[in-house]
Amino acid sequence: MTPHADPAAPAAPSAPGSAAAPAEIVVSLEGITKRFGTTTALDSASLDVRRGEVVVLLGLSGSGKSTLLRHVDGLERPTSGTVHVLGREVTALSGRALRELRSEVGFIFQQFELVPSLTVLENVLTGSLAAVRGPRLGLWSYGRPARAEALARLERVGLLERAYQRADTLSGGQQQRVAIARALMQRPQVLLADEPVASLDPESSDQVMALIREIAVDEGLTVICSLHQVDLALSWADRIVGLRHGAVVLDTATEGLSKAQVMEIYGRVATSTGELEAIELELAGAASATGTGSAAGAAASGDAVR
Amino acid sequence: MTAVTERPRTTDPVLAPVAAPPRRRVSPERVAAGLTIVALLGLSVVALRSVEIDPARMLQSWSNAERFFGRVGAIEFSPLGELLQLTTLTLGLVICGTLLAAVLSVPVAVLAASNTTPGPVWRAAARFVTVLARAVPDVVLAMVFVLLFSLGTLPGILAIGLHSVGMISKLFADAIEQIDEGPRTAVRAAGGTRLQQFTAGVLPQVLPSWVATVLHRNDINLRGSVILGYVGVVGLGMEMSFAFKSLDYGLGLGYALVIFVLCVVMEIVSSSVRAAMLGVAPTGRGLGDRVVRRATRRRTAGASAAVVPDAAAPVSVDSMLRRPWDRTRVRNTSWGAIAVAVVVASVLVCDVAWSDLVTVWSGVPAVAVQFWPPSFGSYETSTMVAAMGETIAIALAATLLTLVASVVIGSLAARNVAPSRGMRSGMRLLLVGIRGVPEVILAIVLIVVTGLGTQAGTLALALGGVGLLGKLIADSFEEVSAGPERALAATGATRLQVYAGATLPQGTRALVGHTFYMLDTNIRAATLLGIVGAGGVGYYLLNASQGSNYGAVTAIVLMILVTVLAVEGLAMWMRKVLR
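Chains as they are written, first to last, in this note's numbering: chain A, 37 to 342; chain B, 842 to 1420.
By construction, these hints were calculated from the structure, which means they are not laboratory data. Among these hints, one or two may not hold up.
[To be verified] Partial list, computed: chain B residues near chain A (C-beta under 10 Å):
| id | residue |
| --- | --- |
| 1 | Arg1025 |
| 2 | Ala1027 |
| 3 | Gly1032 |
| 4 | Ala1041 |
| 5 | Leu1044 |
| 6 | Pro1045 |
| 7 | Ala1053 |
| 8 | Ser1087 |
| 9 | Asp1089 |
| 10 | Arg1164 |
| 11 | Pro1165 |
| 12 | Asp1167 |
| 13 | Arg1170 |
| 14 | Thr1200 |
| 15 | Ser1203 |
| 16 | Pro1206 |
We put the beta carbon where it would ideally sit given N, CA and C, even for glycine.
This is chain A alone, in the form it adopts within the complex:
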């Protein structure tokens, strides 16, 4: 994971399983270090993401996943290192140029971050703020075309009939789908998702991850999503990037992973031997339930490629 000397001409792709004609790199982090006081959140982390890729950042809480994502959107400034997104150097942007970049990058939060007292539709409409000038107060201030687009986005996430309800009357899974509609309202090229399903029950988690994956394919979005569950990562990602203590410790395509490699992923992300043993036990239990261990591993990696 050495930083590239020249961002315009990057070295060989870090994902070994990429297609023969690799797409352009849309997100490039080079040697990002971020310190908050004495703690180091990111430790010279580097990452290149190509257009259309679905990358999952894997790691325990505190491993630096959120901080890394926030650097892509310019919500944080690195202590050292540079960030390039969509051909622009984020670290050098400010004011209008930074806001323009942010509007092309959608962000989905763990806690949804909707305004609870506003209607669902108004929450979706706030995604279009960067495209208009000045503040907006109330539904009607956004204009009919914007409202029609917002309703279409809501239809896309299956919540059209909820448009005029208060956001806090919805379930967690529904609120996250509203947040996705809000991000789509920006017409983004890159979608960042910070633990989008950590506050949801398993069923809603699957729905939300399926929706993100579907939309990414339909709209040709580049997705960087942080998760802490290995199984979810294996089933939804093209590529997994493991973080530990703010450093990139793993970067691999999910296609054709062997059981041993899956175990290695668990091992790299885990922090202690105790944790590792617990994971192994769990894996063994799952394996004996479905059949032979290697078959289960193969099945898991097979799922990952849709």
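With chain A's structure known, arrange chain B on it following the hints.
This is chain B only, laid out in the frame that chain A set:
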């Protein structure tokens, strides 16, 4: 160790060798705070003696009062048409003033809140404006504006508006600082400007509390409008002051009764507006909340089911572009329409001479010269200092009386202390009833009963204070952790032992905080009660103003300002130390 040996537990061989426990270190600041409290208590006792509250004399004066009431005859009212016109004028003036403050407080609060301020200098400036606006009494502002604009509604509107900015913007800034930053970050991440982050991410979160604060302030301003009448602000208060000045006590008390009823009605209205418009259930702050809660109890059960729309109905993007006229929308729209109507009506009623706002500036230098330099003029400086001392004594004595009464009533009104539900409800009702009476009205009635002087002022403040402090004490006692209480009860402690051993120690900190808040409020109120003749520096303030001795007005205001700020600083320091 000798004390420890009394306990049977120490016979345990494991515990026996333990040496004397290390002494708890007490910071010098806490010692100073403790000494300050003791000193203030001592001063309050001295003050109580100095304000000449004498039960024997009061009994005597009660017979005076009976004779007095017999002589003035029954309470009389002015003709209904005139009364209605005065009532609408007072309401319109108060609402316009509160609205002005509401608008002005938005930028002040945004600058004062740590998470929205552009920089520390802006923040300090905004905080200064907040403190200053609160410290200068609205009566003093009204005196100045009456001089500038002569008669009309503008002096009252401006006085209420500028003074109320202090409280509204402080509470609004607090609300902004307490928001969930998430939605704001979401707008920022979507490329929103700072202004858009505020309107889309912050404002919707704080709007309910802002509206609630403004409505609450409107109630306070309505009570305060009585005293504004004494310095020439038109409305019910001015008519009342005229009646009392011409010794027409029947008519004056009639106006007082009308104002009291108006205050109660307004509280009920503002409480129902809060409940209906914001979907905030009344929490029991006052008489209005109680009435509204009782009235809406049945309705709310059925209403919640109607929120979810009919899922079976087919919807499309086109059909959804038109927002359905469901219950929520009908409700919101009608409340909005009513609010707009009230605002428009208030502005129309006030019949503001807008041109005055332009022409007034030419008169400012002439008036400013009259107010500067500050000087006591014909008054002796020692008289003035004594008067200020009297005001402080009234506030201290009233706070002490309030504290004693409130601890008893407030405790009995707390669910976890009251011996029975009936007792609790009775005490709560008593507190609510006391809070319904404007302090100025209380003072005026007491003056009628006991004669002019410090006694009436002290009793008015003490009585009025029980309504607030008793409620605050009851609430904070109810909020203490129930665990220690249960633990003590489980050891077989009596109700009184549980109260003394678990409830009171846990509630002490809140008790001290609330009492200092009370003292802070009382100092401000005590300076004004003199205007209606209830003792202290307010009397000289009104005299100086009416005798066109404006240098003295400035000097007295500066004296009040210093005292109020000193007490506020003391209260802030105590809250910080005892946190």
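To see whether the hints hold, each was checked on the structure:
no.: 1; hint: Arg1025; result: holds, 8 Å
no.: 2; hint: Ala1027; result: holds, 4 Å
no.: 3; hint: Gly1032; result: holds, 3 Å
no.: 4; hint: Ala1041; result: holds, 5 Å
no.: 5; hint: Leu1044; result: holds, 8 Å
no.: 6; hint: Pro1045; result: holds, 5 Å
no.: 7; hint: Ala1053; result: violated, 13 Å
no.: 8; hint: Ser1087; result: violated, 51 Å
no.: 9; hint: Asp1089; result: violated, 51 Å
no.: 10; hint: Arg1164; result: holds, 6 Å
no.: 11; hint: Pro1165; result: holds, 7 Å
no.: 12; hint: Asp1167; result: holds, 7 Å
no.: 13; hint: Arg1170; result: holds, 7 Å
no.: 14; hint: Thr1200; result: violated, 34 Å
no.: 15; hint: Ser1203; result: violated, 37 Å
no.: 16; hint: Pro1206; result: violated, 39 Å
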